[in-house]
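Engineer: If you read the protein sequences in the order shown, they are chains A and B.
Sequential numbering from 1 applies to the first sequence in the UniProt record's numbering.
Sequential numbering from 1 applies to the second sequence in the UniProt record's numbering.
Derived by calculation from the structure, the hints in this document are not laboratory data.
Keep in mind that a hint or two might mislead.
Stated by the list, open to error - One-sided excerpt, in silico: chain A residues whose CB lies under 10 angstroms from chain B:
1) Gly62
2) Ala84
3) Glu85
4) Ala121
5) Pro167
6) Val176
7) Asp198
8) Leu200
9) Pro202
10) Thr257
11) Val258
12) Gly274
13) Asn280
Unchecked claim - List of simulated lysine-lysine pairs, BS3-like, C-alpha gap at most 30 angstroms:
14) A:Lys80 - B:Lys245
15) A:Lys96 - B:Lys196
16) B:Lys400 - B:Lys385
17) A:Lys96 - B:Lys200
18) B:Lys137 - B:Lys302
19) A:Lys206 - B:Lys249
20) A:Lys152 - A:Lys47
21) A:Lys129 - A:Lys43
22) A:Lys209 - B:Lys191
23) A:Lys222 - A:Lys238
24) A:Lys206 - B:Lys358
25) B:Lys249 - A:Lys207
26) A:Lys80 - B:Lys196
Each residue gets a CB set at the ideal place from its N, CA and C atoms; glycine is no exception.
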Amino acid sequence: QWTKIKTKFMQHKHTEHLCLLFFVFQEKQYVGFATLPNQVHRKSVKKGFDFTLMVAGESGMGKSTLVNSLFLTDLYKDRKLLNAEERINQTVEIIKHTVDIEEKGVKLKLTIVDTPGFGDAVNNNECWKPITDYIDQQFEQYFRDESGLNRKNIQDNRVHCCLYFIPPFGHGLRPVDVEFMKALHEKVNIIPLIAKADCLTPNEIKKLKDRIREEIDKFGIKVYQFPECDSDEDEEFKQLDKELKECTPFAVIGSNTVVEARGQRVRGRLYPWGIVEVENQSHCDFVKLRNMLIRSHMHDLKDVTCDVHYENYRAQCIQEMTSKLAQDNRMESPIPILPLSTPDVDTEKLIKMKDEELKRMQEMLNKMQQQMHDKEQ
Amino acid sequence: MAATDVDVFSNEEKRNLSLGGHVGFDSLPEQLVSKSVTQGFCFNILCVGETGIGKSTLMNTLFNTMFENEEASHYQNGVYLRPRTYDLQESNVRLKLTIVDTVGFGDQINKEDSYKPIVDYIDTQFENYLQEELKIKRSLFNYHDTRIHICLYFIAPTGHSLKSLDLVTMKKLDSKVNIIPIIAKADTISKSELHKFKIKIMSELVSNGVQIYQFPTDDETVSEINASMNAHLPFAVVGSVEEVKVGNKAVRARQYPWGVVQVENESHCDFVKLREMLIRVNMEDLREQTHARHYELYRRCKLEEMGFKDTDPDSEPFSLQETYEAKRKEFLGDLQRKEEEMRQMFVNKVKETEAELKDKERELHEKFEQLKRMHQEEKKKVEDKRGYLEEEMNAFNKRKAAAETLSLSQPVKKDKDKKKHKVQLDC
Numbered sequence: 001q002w003t004k005i006k007t008k009f010m011q012h013k014h015t016e017h018l019c020l021l022f023f024v025f026q027e028k029q030y031v032g033f034a035t036l037p038n039q040v041h042r043k044s045v046k047k048g049f050d051f052t053l054m055v056a057g058e059s060g061m062g063k064s065t066l067v068n069s070l071f072l073t074d075l076y077k078d079r080k081l082l083n084a085e086e087r088i089n090q091t092v093e094i095i096k097h098t099v100d101i102e103e104k105g106v107k108l109k110l111t112i113v114d115t116p117g118f119g120d121a122v123n124n125n126e127c128w129k130p131i132t133d134y135i136d137q138q139f140e141q142y143f144r145d146e147s148g149l150n151r152k153n154i155q156d157n158r159v160h161c162c163l164y165f166i167p168p169f170g171h172g173l174r175p176v177d178v179e180f181m182k183a184l185h186e187k188v189n190i191i192p193l194i195a196k197a198d199c200l201t202p203n204e205i206k207k208l209k210d211r212i213r214e215e216i217d218k219f220g221i222k223v224y225q226f227p228e229c230d231s232d233e234d235e236e237f238k239q240l241d242k243e244l245k246e247c248t249p250f251a252v253i254g255s256n257t258v259v260e261a262r263g264q265r266v267r268g269r270l271y272p273w274g275i276v277e278v279e280n281q282s283h284c285d286f287v288k289l290r291n292m293l294i295r296s297h298m299h300d301l302k303d304v305t306c307d308v309h310y311e312n313y314r315a316q317c318i319q320e321m322t323s324k325l326a327q328d329n330r331m332e333s334p335i336p337i338l339p340l341s342t343p344d345v346d347t348e349k350l351i352k353m354k355d356e357e358l359k360r361m362q363e364m365l366n367k368m369q370q371q372m373h374d375k376e377q
Numbered sequence: 001m002a003a004t005d006v007d008v009f010s011n012e013e014k015r016n017l018s019l020g021g022h023v024g025f026d027s028l029p030e031q032l033v034s035k036s037v038t039q040g041f042c043f044n045i046l047c048v049g050e051t052g053i054g055k056s057t058l059m060n061t062l063f064n065t066m067f068e069n070e071e072a073s074h075y076q077n078g079v080y081l082r083p084r085t086y087d088l089q090e091s092n093v094r095l096k097l098t099i100v101d102t103v104g105f106g107d108q109i110n111k112e113d114s115y116k117p118i119v120d121y122i123d124t125q126f127e128n129y130l131q132e133e134l135k136i137k138r139s140l141f142n143y144h145d146t147r148i149h150i151c152l153y154f155i156a157p158t159g160h161s162l163k164s165l166d167l168v169t170m171k172k173l174d175s176k177v178n179i180i181p182i183i184a185k186a187d188t189i190s191k192s193e194l195h196k197f198k199i200k201i202m203s204e205l206v207s208n209g210v211q212i213y214q215f216p217t218d219d220e221t222v223s224e225i226n227a228s229m230n231a232h233l234p235f236a237v238v239g240s241v242e243e244v245k246v247g248n249k250a251v252r253a254r255q256y257p258w259g260v261v262q263v264e265n266e267s268h269c270d271f272v273k274l275r276e277m278l279i280r281v282n283m284e285d286l287r288e289q290t291h292a293r294h295y296e297l298y299r300r301c302k303l304e305e306m307g308f309k310d311t312d313p314d315s316e317p318f319s320l321q322e323t324y325e326a327k328r329k330e331f332l333g334d335l336q337r338k339e340e341e342m343r344q345m346f347v348n349k350v351k352e353t354e355a356e357l358k359d360k361e362r363e364l365h366e367k368f369e370q371l372k373r374m375h376q377e378e379k380k381k382v383e384d385k386r387g388y389l390e391e392e393m394n395a396f397n398k399r400k401a402a403a404e405t406l407s408l409s410q411p412v413k414k415d416k417d418k419k420k421h422k423v424q425l426d427c
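Kindly produce the complete structure, drawing on both the sequences and the hints.
Structural biologist: As structure tokens, this is what we get:
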């Protein structure tokens, strides 16, 4: 009970001192490992975090503006946009922007991976290939680093999340949207967004969201799923979580400008007929996206990338390697042999021996336990 | 005879005369108008733009009615055009309006051929008109003119510039149809962004040599308004068929949580400008331009293709009739030649086949003869053998008879004799 309250306080960023104060009033015998979350917190602050976010979608969907609005900074100063003529045969590039930002002592190394040219040419056949290649390259590099001898300073450049911008002008997903998401859904967490949502009335937004969710199901696209909340969370939290899930895909609006609305200065867009406030929840889902992406699920996105997408890649890679080797050497190799940074064969043998020993010992242990159990009876 | 009379007239100088009173031919425009009103007008609009960009809604808003429309799907294999004709009436003026939609435009992953169905459609309408014009018995005044008078090109409001597909398509269409580019769903662009966007679009069109329709400034009554409107291109429009209560009126608008975008409010969007220009001021000019410029260009290209020229190598003016006659003769000559060729070929073929058949017949005959001979030979052989066999039978019978008679008359013959007989019989 106590641990849980403590973790909740951690989430709301209360300091260590406040927790200790509460501890003083506790009467029971106290071991002290309840401070573990605390320690994790301290160490992580010291270590700093990193996050790689990819944005993809046609030109003019407001990707850069949204990124600027999310991280309250200007990543795209002096950006050169191509003319229509230049875009007829444009190929997709991958451009990385890395910034170090800090907030309340917590450092974040944020990398934004841009994909200019996606969907802009007249012939967009396989225009997502450079993007899938890039993601695979990052996986491969991590795989190599992980299998290497010196693993002290591995750089994690894997893409943790991909925001895909769907145009609000259509009736739902277009073929290029479907193909892109299907090519990437098993490599990266995809979060589809409805871009420039200020061109849709609330009814239209609802209709479009329903249609997109339906089509995502129909085409078997696996977008990022929010993890189920714990069964012992309070009702309010569960309700919010449910609302969040039913709100996808988020309909977002971004802005680089600050306007005056209702007596305050807010990020927004000024129109002759009114002011759209980016952070007003009745105007768009920007706040939901920001909370989800940054404030609550950033780490989960990283975890899913590491535990699911990367592991899938790794398993596939190894399978391919072993099958290839089996073809080459015509012999069974139960141990995955890494072509590049290989630990020497001796160590491998040793490991195998030790494994077998372990197995034998385990069996002996089981037998002994069984004997004891019988004796007891 | 008639030619010389005409010459005399054209040599005279034209003189301006002043009238002594009111003659009344100033009613000619009215007569023209009343004739055209009774005839009814015809107007054809082509809407080009990606699925969902608001083409149908804008048409409904412009003509203040609900044309039947199903929502198009994004998954068409290619682009195809869907023309729909409606009969509208306002006051006593009847309008036959045809709206052509481009279904599936911009949805494919490979859009290299997207412009082709559109160009083909426009050309087909020109072709139909040309065919009618070239007929001997024609009824142009009754003809339902399906040539596209205006192409509204819907640009997506990205705020940056034209899309590559837009540029490529407009370049293919600008010599065939009047194009008015419009920015669709303009309620997603703020005023400052809109200004930049319009400038960017126009500069891209100019730098790529795309000819869009310019509102005519030669007629003083409308030149001023047209000139000012030319500066507002492309029009940023918002369409809506739903009504929202603003003040104490119900106006066509879009209701957002942050405000209401009124379609007919000029500070909100350029819809009113578009309507003014398209329908109220320049509709007739659009029809004229289509006929006088685009259709004539098509006709000239088509006829040149067929080999017609306006002047022959000596720069003497050809008359169309002569050229036509010449062409016709040529064509008929060609036809005859071809016929001859075919006939020759046919005759040759027949001869060949005949010869073949004859050969075959001969062969068969030979074979038959051979077989007959063989048959006869065999028969003879068999007969011979038979004769021989009969002889043998007779001889055997004779000997048998002889032996019997012998054994009968001398029953105690010794073996030796029997042997002797046997030997004799065996011989």
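Engineer: Hint by hint, say whether it matches the structure.
Structural biologist: To see whether the hints hold, each was checked on the structure:
no., hint, verdict
1, Gly62, "8 angstroms, holds"
2, Ala84, "4 angstroms, holds"
3, Glu85, "6 angstroms, holds"
4, Ala121, "6 angstroms, holds"
5, Pro167, "7 angstroms, holds"
6, Val176, "5 angstroms, holds"
7, Asp198, "5 angstroms, holds"
8, Leu200, "9 angstroms, holds"
9, Pro202, "7 angstroms, holds"
10, Thr257, "9 angstroms, holds"
11, Val258, "13 angstroms, violated"
12, Gly274, "2 angstroms, holds"
13, Asn280, "8 angstroms, holds"
14, A:Lys80 - B:Lys245, "44 angstroms, violated"
15, A:Lys96 - B:Lys196, "28 angstroms, holds"
16, B:Lys400 - B:Lys385, "22 angstroms, holds"
17, A:Lys96 - B:Lys200, "27 angstroms, holds"
18, B:Lys137 - B:Lys302, "21 angstroms, holds"
19, A:Lys206 - B:Lys249, "28 angstroms, holds"
20, A:Lys152 - A:Lys47, "13 angstroms, holds"
21, A:Lys129 - A:Lys43, "39 angstroms, violated"
22, A:Lys209 - B:Lys191, "28 angstroms, holds"
23, A:Lys222 - A:Lys238, "23 angstroms, holds"
24, A:Lys206 - B:Lys358, "86 angstroms, violated"
25, B:Lys249 - A:Lys207, "28 angstroms, holds"
26, A:Lys80 - B:Lys196, "15 angstroms, holds"
Taken one by one, the earlier hints fail for this structure at numbers 11, 14, 21 and 24, listed in ascending order.
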